[in-house]
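Visitor: Chains as they are written, first to last, in our numbering: chain A, 1 to 113; chain B, 1 to 113.
To be clear, the hints were calculated from the coordinates, so they are not data collected in a lab.
Each hint can be trusted.
Restraint-style ranges between C-beta atoms, simulated for each label pair:
hint	chain 1	residue 1	chain 2	residue 2	range
1	B	Arg-41	A	Gln-41	13 to 23 Å
2	B	Arg-41	A	Phe-74	16 to 26 Å
3	B	His-82	A	Ser-51	39 to 49 Å
4	B	Gln-42	A	Leu-96	17 to 27 Å
5	A	Glu-68	B	Thr-30	33 to 43 Å
6	B	Arg-41	A	Ser-51	23 to 33 Å
7	B	Pro-7	A	Arg-50	31 to 41 Å
8	A	Arg-109	B	Gln-20	23 to 33 Å
9	A	Leu-96	B	Pro-55	22 to 32 Å
10	A	Lys-52	B	Ser-14	43 to 53 Å
11	B	Ser-14	A	Ser-53	44 to 54 Å
12	B	Asp-8	A	His-10	28 to 38 Å
13	A	Ser-72	B	Gly-100	16 to 26 Å
Note that the Cβ used here is the ideal one computed from N, Cα and C, for glycine as well.
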Amino acid sequence: DAGVTQTPRHEVAEKGQTIILKCEPVSGHNDLFWYRQTKIQGLELLSYFRSKSLMEDGGAFKDRFKAEMLNSSFSTLKIQPTEPKDSAVYLCASSLQGGTEVFFGKGTRLTVV
Amino acid sequence: AQSVTQPDARVTVSEGASLQLRCKYSYSGTPYLFWYVQYPRQGLQLLLKYYSGDPVVQGVNGFEAEFIKSNSSFHLRKASVHWSDSAVYFCAVSYNYAQGLTFGLGTRVSVFP
Chain A
1 DAGVTQTPRH EVAEKGQTII LKCEPVSGHN DLFWYRQTKI QGLELLSYFR SKSLMEDGGA
61 FKDRFKAEML NSSFSTLKIQ PTEPKDSAVY LCASSLQGGT EVFFGKGTRL TVV
Chain B
1 AQSVTQPDAR VTVSEGASLQ LRCKYSYSGT PYLFWYVQYP RQGLQLLLKY YSGDPVVQGV
61 NGFEAEFIKS NSSFHLRKAS VHWSDSAVYF CAVSYNYAQG LTFGLGTRVS VFP
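With these hints in hand, go ahead and build the complete structure from the sequences.
Guide: See below:
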């Protein structure tokens, strides 16, 4: 039973690099979310897609963060250029449209040095 | 804007003792309310949810939560904790099912034998 799959699990980047995080939602789910998780800020919504259309782009994260949903079963989050303050766990989640439960992946831990 | 407050960053309990985790939300209407748990190096998993009806909802692993509208609260309870309940617990709210979940900062629970 495949849940939400995120790759890689860990990523180390140098300041200024471009990194791409990947996510495969649960098969059949229409809604896809990207969250950033830090100890200080907790979970912050970066992007929200419904049926591949961007519904919310997380305001403050617009300038260097870009999420895309290339097809219904694959999404990417690009951070360009990376900064040390981007070090965090990035969580992808999906749900059925109007569904009652959001399923989370295990996350990608990003460290920017 | 909606917000969620979990006043206790850390809670320590002995195995077999009862547990209550507090959650208060700020929203003018009646939101959809959720509790999630995050085990080390894992994504978030849904414990329980409230939409309407009976204000006491049952979840997995013996957890329950009570919605008190007059207090804008949704506290989580468990009668007798096990060491495996050690994790971080997140309260979350939404206007509309899973769309744009807003999370609290979480409460880290440590259960000692």
